[in-house]
Every structure is written in C-alpha cells, then in structure tokens.
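Asks: If you want the building blocks of each chain, they are given just below.
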Amino acid sequence: MIAATRTPEMIREDFPIFAHPTSRGKRLVYLDSAATSQKPQAVIDALVTYYSEYNANIHRGVYEIAARATDAFEAARVKVARFINADQREVIWTRNATEAINLVGYSWGLQNVSRADAILTTQIEHHSNLVPWQLLAEKTGATLRFIPVDGRGVLQLDNLDRLLDGVKLVAISHVSNTLGTISPLERIVPAARAAGATILVDGAQGIPHMPVDVRALDVDFYAFSGHKMLGPTGIGVLYGKHELLEAMPPFLAGGDMIRKVEYEHTTFNDLPWKFEAGTSNIADAIALGVAVDYLSALGMEWVRAHERESLAYALGRLAPLESRGLRIYGPKDPAIASGVLSFNLADVHAHDLASILDTEGVCIRAGHHCTMPLMEKMGWPATARASFYIYNTQADIDTLALGIEKAARIFNV
Amino acid sequence: MDDFYRDFILDHYRNPRNYGHLERPAVWAEDLNPLCGDQIRFELAVDGGVVRDVRFTGKGCAISQASASMLTEAIKGMRLEDVARLSKDVVLENVGIGISPTRMKCAMLGLRVAKSAAIGEIAGWPDEE
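Here the protein sequences come in this chain order: A and B.
For the first sequence, position 93 matches number 93 in this note's numbering, and the numbering has no gaps at all.
Position in the second sequence (first residue = 1) + 1000 = this note's numbering.
Hints listed in this document are in silico derivations from the structure and should not be mistaken for laboratory results.
The reader is advised that the hints may include incorrect statements.
Pairs of lysine-lysine, DSSO-like flavour, derived with a Cα cap of 27 Å [unchecked claim]:
| # | chain 1 | residue 1 | chain 2 | residue 2 |
| --- | --- | --- | --- | --- |
| 1 | A | Lys406 | B | Lys1059 |
| 2 | B | Lys1088 | B | Lys1059 |
| 3 | A | Lys406 | A | Lys26 |
| 4 | A | Lys406 | B | Lys1105 |
| 5 | B | Lys1105 | A | Lys26 |
| 6 | A | Lys241 | A | Lys79 |
| 7 | A | Lys377 | A | Lys332 |
| 8 | A | Lys139 | A | Lys168 |
| 9 | A | Lys377 | B | Lys1059 |
| 10 | B | Lys1076 | B | Lys1059 |
| 11 | A | Lys241 | A | Lys260 |
| 12 | A | Lys377 | A | Lys168 |
The following block holds chain A by itself, in its conformation from the complex:
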C-alpha cells in the first residue's frame, strides 16, 4: 500500500535545513543522501527534548527522569524492531553499520570461522563490508571470495553455487552505495542457505530506501546506520537472529552488558544488552525511533516508488547531455536500482564537476565513494554521484542538469 498523500515539496518543508539558502543565495539542492540524509524537525526536536527535559542515564536510575529516559530508549528499540519485523531482543544498538559489521566479525566470526572456511562477499562492497572480512580472514586463515560484477554494476550469479562451496559466511550489501544496484537477495539467500552459510547483509543503503522485512529476507544479520534514514549520526543497528546472538560471545565488555560481576568472573546480561557495553547513545537512539515513525508514516513503499520515479526522471533529464560527454554508470534501470546516479562529464574531473555544481547550490559526492576496489576494476579514477531521497523534487534534478550544462560550458565540452 502506498500511504503517502504528501508530495516531496511538502516533505521538504519538514526539514529546517532547506529554509537556509547557500552563501550565494541559491536554493539548497541536496543530492548526497547516500552519504547522510537530512533530518526532519521532529528528529531534531527529539534530541533537544531529551537533553532539555529528561537527560538521565538509563536502566539503573530509580528517579522519574531516569525511568522516562529508559522507557523512551527501549521504546525506540521496539519501533525499530517493528520497522524491520524483528523481535526487540534482536535489535542491538551500535554506533553505525560499520560497528555492527565489526561486531559480527569479532564475535561470531572469531568463534565460527576457521582456516578451512571461505567468506563470500562481492566486488561491489563499500569498505565497511570488505575490510572487516579481510581482517577476519587474516586472523583465522579463511579465504575471501567475491561474487563478480559486470560492467553495468550488476552482480553475476552464473557461478554462484560453485562460489558458495565451503562458504561459512556470505556478506553482501543490500544496495550498492556507488551505483545504486539492488542485490538480488531473493536469489542469493536461498542458495546460501542451501550451502549452509550464515548470511550478513549490509543494509546501510537498503533500509532507508525500501521496505525491509528481515524475516521475509531470511537473513541472519542485517546492519544499518541511523543517519542515512533521517536519524542522527552515532546510532546504528545490528539485527541478528535470536539463536545466533544467544550463542555469540560479547564483543565489548563493561557496564550494562553484565548480570553479575565478581572479581574473577562475570555472568553476562540477556539480549540485547549483552552487546551494549557502557552508556549507550541514548538521545540518538530515541531520535532514530522518531525517524522510523516519520518514515513509517510516509510508508516505505512510497519511499521506494518516489526514488524509482526520481531516478527515471533523472535518467531522462540527463540523457541529452550524453552528446556533451556525460557518461552515466550503473544499471540505469529504476527497477533494479535505488536512487543513486554515478556519472562523469567528458574530461572534467569529478571534483571539478562537484565544485561547479556547488556554486549552484547542488551538493553531490565526488571520489571513490569508499569502494576503491570497484573503481579500480571499472577503471574509473573517480565519479560524481547524485543520490535522491524523500525530499528531492523534480526541480532539484532540473537544477542538477543545469549545473552539469554549466560545467560543460565552462570546460568547453
């Protein structure tokens, strides 16, 4: 069901940052939500309300504001659990997706992966879902394998069964941050299950942009960051299947993750707190709960539909610029891609393109997008990347196109 009756122009009004023009007096055209999303007023208010009305540490305080803080913190966990169709004991607060993935690497990985095993990931991964597995392979002697990617940035599954032979862990991104390609989890997960592998999905670019049901996806771990889905920085989530989390040793040790501590021995706390040592990021967790409320009210089907339309509109709007040397990378197919557009213009370096767009108030990313092996494989030194979200309008995409035309004029291409 598509719930939203609101337009992106109306949604934009909920984000105070858009009330401020750039120093050149330009309307802010924010096309870098794949790096971090903007925050609606309700999320900002949740942070301010916590700090100004009930700032207190959670779980042990007996006074009123401590109870209120604990309730709000745990209520946010329940909201996130419902949002992804998980049990609240399966939602572990982390700093971000990267920390969630590292948690699995150090806790589950060191316990379960050994020399004879293989870890299967893809050629498209963000460094966050590659470097932790390089470290785990180094520590355990396991081997790393990669699902190849074709020139359009689409995963090639022809040899999937052979690649899965002897694999202990499949670690794959839900959506590519560089190209927007949506991974065909519906094909990879059953094959990985049949091979007996554990499955981790890096959902940093997935959950902000489409409905996610971890039970329906049938994955073991799903990691994501709050700040890419309207929430604050510093808060992220590791979803893990209950029985796996139960069997895993703690990652970080200290306060809050314990049940009973003696000088020589400790009994650990129940899930999810076993994995939440030290004072948690209370305000940011509460505000992420508000971000989830905001997205739920819009409806994730609507979010996905809006991005599909935005990408289709952008592809059409930019197509005429191909005669000026514009090259668009990735699948160029809104059916299998999220709202991400990677491109280059003739011999204009991506950073120069980004600087010229900046003068028009257009914020895009330029560089390797934390996917250096993919860029090397594709032979791209750098790309410019525009990424769309709920507050982006067709006018934003028109301004992007005009900015690229300006760059083409300046560089005489």
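We have chain A already, so just place chain B on it with the hints.
Replies: For chain B alone, coordinates are given in the frame of chain A:
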C-alpha cells in the same frame, strides 16, 4: 569557485607544461592528495644548486594539475634552496582566485611535492604553514 576555471587554467589542465620524465633526475618526489586521490610526481635536474630542468606527471582534477603545470614554469632556474622555502603565495598568485577552502589541498599538492623534492623529505602542506 566557477571564477577559478578560467581559460588559461583549463589550458594548463589539458596541455600541461613540462609533463613527463627526466632521464636522470637529481631529486624527485611524489604524493597523493588524500581528499581527491590526486597524484603528482616532480622530477628535478639540478646543476650547481640550480634547477636546470623539471618534469611532472600526475592525474587528478584541473586545480591540482594546472597548479602543478604552472609551478614547473615558476621553479625552472630557481635555486634548490629557494624552492625548498617557497610559500603558498607562488601558487595563489597564479591560480588563487576563487579556490574554495575545501579545494585548497588540490592547489597545494604540486608545491608540496616540489618542496619535498628540494628538501629531500616530505614537506608540510603549504596552506597550513
């Protein structure tokens, strides 16, 4: 920032001066700009303490490559010890107009590399001195 991309800058970007390698450079240095991944290498032929010839190679944005190209012209004939003491002004005089603070490292990469070659160790960032 759009003021920056003037015709002579784009000319240095597309037709870099003193681009390539020396057969036997007396000193050389190379470095990366961590922000952009821009790369620059400077090779200097030195005779009697004076830079007799210079070549650079690199890849990256117009700011880094044009700045490096112009710098090769500025340091030819200069005493090596004077190259080592160059300040950011030598770059800014050529290309300074309109560079945003976020791109200053791009402009200074060539100078940092040229100074590193002259000093014999990695120089600091000229814009931070």
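Asks: Compare the structure with each hint and give your call.
Replies: Against the structure, the hints come out as follows:
1. A:Lys406 / B:Lys1059: 23 Å, holds
2. B:Lys1088 / B:Lys1059: 21 Å, holds
3. A:Lys406 / A:Lys26: 15 Å, holds
4. A:Lys406 / B:Lys1105: 24 Å, holds
5. B:Lys1105 / A:Lys26: 26 Å, holds
6. A:Lys241 / A:Lys79: 17 Å, holds
7. A:Lys377 / A:Lys332: 19 Å, holds
8. A:Lys139 / A:Lys168: The given pair, whose Cα atoms are some 15 Å apart, holds under the 27 Å limit.
9. A:Lys377 / B:Lys1059: Holds: A:Lys377 and B:Lys1059 sit about 18 Å apart, inside 27 Å.
10. B:Lys1076 / B:Lys1059: 21 Å, holds
11. A:Lys241 / A:Lys260: Roughly 25 Å separates the two Cα atoms, so the pair holds.
12. A:Lys377 / A:Lys168: Holds: A:Lys377 and A:Lys168 sit about 26 Å apart, inside 27 Å.
Checked against the numbered hints above, the structure violates none of them.
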